[in-house]
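Novice: Using our numbering, read the sequence shown as starting at 1128 and increasing by one per residue.
Any given hint might turn out to be false.
As the list claims (entries may be wrong) - Between beta-carbon pairs, the in silico distance windows are:
{"#": "1", "residue 1": "Ala1219", "residue 2": "Asn1243", "range": "21 to 31 Å"}
{"#": "2", "residue 1": "Leu1170", "residue 2": "Asn1191", "range": "20 to 30 Å"}
{"#": "3", "residue 1": "Ile1268", "residue 2": "Phe1232", "range": "52 to 62 Å"}
{"#": "4", "residue 1": "Lys1197", "residue 2": "Ser1132", "range": "49 to 59 Å"}
{"#": "5", "residue 1": "Pro1169", "residue 2": "Tyr1213", "range": "46 to 56 Å"}
{"#": "6", "residue 1": "Tyr1262", "residue 2": "Ile1223", "range": "49 to 59 Å"}
{"#": "7", "residue 1": "Arg1226", "residue 2": "Ile1146", "range": "52 to 62 Å"}
{"#": "8", "residue 1": "Ala1219", "residue 2": "Phe1254", "range": "56 to 66 Å"}
{"#": "9", "residue 1": "Ile1223", "residue 2": "Leu1136", "range": "32 to 42 Å"}
To be verified - Derived pair list, reagent style EDC-like, types lysine to aspartate or glutamate, alpha-carbon separation capped at 20 Å:
{"#": "10", "residue 1": "Lys1143", "residue 2": "Asp1185"}
{"#": "11", "residue 1": "Lys1148", "residue 2": "Asp1162"}
{"#": "12", "residue 1": "Lys1148", "residue 2": "Asp1185"}
{"#": "13", "residue 1": "Lys1197", "residue 2": "Asp1215"}
{"#": "14", "residue 1": "Lys1255", "residue 2": "Asp1214"}
Hints listed in this document are in silico derivations from the structure and should not be mistaken for laboratory results.
Even for Gly, the Cβ is constructed at its ideal location relative to N, Cα and C.
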Amino acid sequence: MKINSIVVLVYIKSSKILIPKQSIIETNQTGLFNDIVIDIIPLGPLPVANQLSKKEIDINVFSNNCLKSKFLCNYHYLYGGRGLNYDDLMRAATRISQRFDDPRFFSLFYIFLQNNIDISDDILYIFKNISYILYLFMNIIEIYFSKYFF
(Lines of atoms letter the chains of each structure in order from A and count residues from 1; the text may use other names and numbers.)
(Lines give C-alpha, C1' and ligand atoms only; values in the text may rest on other atoms or scores of the structure.)
Protein backbone atom coordinates (compact mmCIF):
# COMPACT_ATOMS: atom_id res chain seq x y z
CA MET A 1 0.00 0.00 0.00
CA LYS A 2 1.28 3.46 -0.86
CA ILE A 3 1.81 6.18 1.70
CA ASN A 4 -0.57 8.58 -0.01
CA SER A 5 -3.43 6.10 -0.23
CA ILE A 6 -6.45 5.39 1.90
CA VAL A 7 -8.48 2.34 2.77
CA VAL A 8 -12.24 2.61 2.52
CA LEU A 9 -14.30 0.15 4.51
CA VAL A 10 -17.85 -0.23 3.23
CA TYR A 11 -20.47 -1.97 5.30
CA ILE A 12 -23.31 -3.36 3.16
CA LYS A 13 -26.29 -4.36 5.25
CA SER A 14 -27.94 -6.68 2.72
CA SER A 15 -26.48 -9.98 1.53
CA LYS A 16 -28.56 -9.60 -1.66
CA ILE A 17 -26.29 -6.84 -2.98
CA LEU A 18 -23.68 -8.54 -5.15
CA ILE A 19 -20.56 -6.77 -6.37
CA PRO A 20 -18.79 -8.34 -9.38
CA LYS A 21 -15.14 -9.22 -8.81
CA GLN A 22 -14.26 -7.73 -12.20
CA SER A 23 -15.13 -4.12 -11.38
CA ILE A 24 -13.51 -0.72 -11.34
CA ILE A 25 -13.75 1.05 -8.00
CA GLU A 26 -13.45 4.86 -7.97
CA THR A 27 -13.94 7.49 -5.33
CA ASN A 28 -15.40 10.75 -6.61
CA GLN A 29 -16.02 14.06 -4.91
CA THR A 30 -19.36 15.69 -5.65
CA GLY A 31 -21.11 18.86 -4.65
CA LEU A 32 -19.82 21.95 -2.92
CA PHE A 33 -19.20 20.16 0.36
CA ASN A 34 -16.94 17.50 -1.23
CA ASP A 35 -19.23 14.57 -0.51
CA ILE A 36 -17.48 11.31 -1.37
CA VAL A 37 -19.21 8.79 -3.62
CA ILE A 38 -17.84 5.31 -4.33
CA ASP A 39 -18.53 4.18 -7.90
CA ILE A 40 -18.51 0.46 -8.65
CA ILE A 41 -18.36 -0.05 -12.41
CA PRO A 42 -18.56 -3.67 -13.68
CA LEU A 43 -16.08 -4.39 -16.48
CA GLY A 44 -18.36 -6.89 -18.20
CA PRO A 45 -22.07 -7.32 -18.69
CA LEU A 46 -23.98 -8.35 -15.60
CA PRO A 47 -25.83 -11.67 -15.85
CA VAL A 48 -29.60 -11.41 -16.03
CA ALA A 49 -31.56 -13.31 -13.37
CA ASN A 50 -33.30 -15.61 -15.88
CA GLN A 51 -29.93 -16.62 -17.38
CA LEU A 52 -28.50 -17.79 -14.06
CA SER A 53 -28.91 -21.21 -12.53
CA LYS A 54 -30.59 -21.68 -9.15
CA LYS A 55 -27.16 -22.19 -7.55
CA GLU A 56 -25.84 -18.90 -8.95
CA ILE A 57 -28.93 -16.97 -7.88
CA ASP A 58 -28.70 -18.15 -4.28
CA ILE A 59 -25.15 -16.94 -3.70
CA ASN A 60 -24.41 -16.46 -0.05
CA VAL A 61 -21.55 -14.00 0.35
CA PHE A 62 -20.85 -15.43 3.82
CA SER A 63 -20.30 -19.06 2.69
CA ASN A 64 -17.24 -20.82 1.25
CA ASN A 65 -19.14 -21.49 -1.99
CA CYS A 66 -18.93 -17.79 -2.73
CA LEU A 67 -15.22 -18.11 -3.49
CA LYS A 68 -15.99 -19.82 -6.82
CA SER A 69 -18.58 -17.24 -7.87
CA LYS A 70 -18.06 -14.11 -9.94
CA PHE A 71 -19.06 -11.90 -7.04
CA LEU A 72 -17.18 -10.40 -4.11
CA CYS A 73 -17.41 -12.39 -0.88
CA ASN A 74 -17.51 -11.26 2.74
CA TYR A 75 -14.21 -9.70 3.95
CA HIS A 76 -12.77 -9.59 0.44
CA TYR A 77 -11.54 -6.39 -1.11
CA LEU A 78 -10.82 -4.71 -4.42
CA TYR A 79 -8.22 -2.10 -5.26
CA GLY A 80 -9.63 1.15 -6.53
CA GLY A 81 -8.50 4.48 -7.76
CA ARG A 82 -9.25 8.12 -7.41
CA GLY A 83 -11.88 9.36 -9.80
CA LEU A 84 -13.10 12.90 -10.16
CA ASN A 85 -11.76 15.37 -7.66
CA TYR A 86 -13.07 18.87 -7.06
CA ASP A 87 -9.55 20.28 -6.60
CA ASP A 88 -8.35 18.80 -9.91
CA LEU A 89 -11.41 20.22 -11.64
CA MET A 90 -10.68 23.69 -10.26
CA ARG A 91 -7.02 23.46 -11.35
CA ALA A 92 -8.03 22.39 -14.85
CA ALA A 93 -10.59 25.20 -15.12
CA THR A 94 -7.96 27.71 -13.96
CA ARG A 95 -5.45 26.45 -16.55
CA ILE A 96 -8.05 26.69 -19.32
CA SER A 97 -9.02 30.22 -18.30
CA GLN A 98 -5.33 31.25 -18.22
CA ARG A 99 -4.79 29.90 -21.72
CA PHE A 100 -7.81 31.80 -23.02
CA ASP A 101 -6.50 34.93 -21.29
CA ASP A 102 -3.26 34.80 -23.28
CA PRO A 103 -3.21 37.51 -26.02
CA ARG A 104 -0.98 35.33 -28.22
CA PHE A 105 -3.73 32.72 -28.33
CA PHE A 106 -6.28 35.24 -29.53
CA SER A 107 -3.96 36.70 -32.15
CA LEU A 108 -3.25 33.21 -33.53
CA PHE A 109 -6.94 32.36 -33.40
CA TYR A 110 -7.79 35.60 -35.24
CA ILE A 111 -5.20 34.83 -37.95
CA PHE A 112 -6.61 31.32 -38.27
CA LEU A 113 -10.15 32.65 -38.70
CA GLN A 114 -9.04 35.31 -41.19
CA ASN A 115 -7.19 32.71 -43.28
CA ASN A 116 -10.26 30.47 -43.29
CA ILE A 117 -12.44 33.37 -44.44
CA ASP A 118 -9.97 34.19 -47.22
CA ILE A 119 -9.82 30.56 -48.34
CA SER A 120 -13.61 30.24 -48.34
CA ASP A 121 -13.89 33.46 -50.41
CA ASP A 122 -11.40 32.06 -52.93
CA ILE A 123 -13.26 28.75 -53.10
CA LEU A 124 -16.56 30.57 -53.72
CA TYR A 125 -14.92 32.64 -56.47
CA ILE A 126 -13.54 29.49 -58.12
CA PHE A 127 -16.91 27.73 -58.01
CA LYS A 128 -18.64 30.79 -59.44
CA ASN A 129 -16.20 30.88 -62.37
CA ILE A 130 -16.48 27.13 -62.92
CA SER A 131 -20.28 27.35 -62.98
CA TYR A 132 -20.09 30.25 -65.47
CA ILE A 133 -17.70 28.28 -67.71
CA LEU A 134 -19.96 25.21 -67.55
CA TYR A 135 -22.97 27.36 -68.41
CA LEU A 136 -21.17 28.77 -71.48
CA PHE A 137 -19.99 25.31 -72.47
CA MET A 138 -23.53 23.90 -72.28
CA ASN A 139 -24.86 26.80 -74.36
CA ILE A 140 -22.19 26.22 -77.03
CA ILE A 141 -23.05 22.51 -77.13
CA GLU A 142 -26.76 23.31 -77.39
CA ILE A 143 -26.13 25.75 -80.26
CA TYR A 144 -23.86 23.24 -81.99
CA PHE A 145 -26.44 20.43 -81.73
CA SER A 146 -29.32 22.64 -82.82
CA LYS A 147 -27.35 23.97 -85.81
CA TYR A 148 -25.95 20.70 -87.16
CA PHE A 149 -28.39 18.01 -86.02
CA PHE A 150 -31.80 19.70 -86.27
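Novice: So which of the earlier hints does this model not fit?
Specialist: Going through the list in order, the structure violates hints 4, 5, 7, 8, 11, 13, 14 and respects the others.
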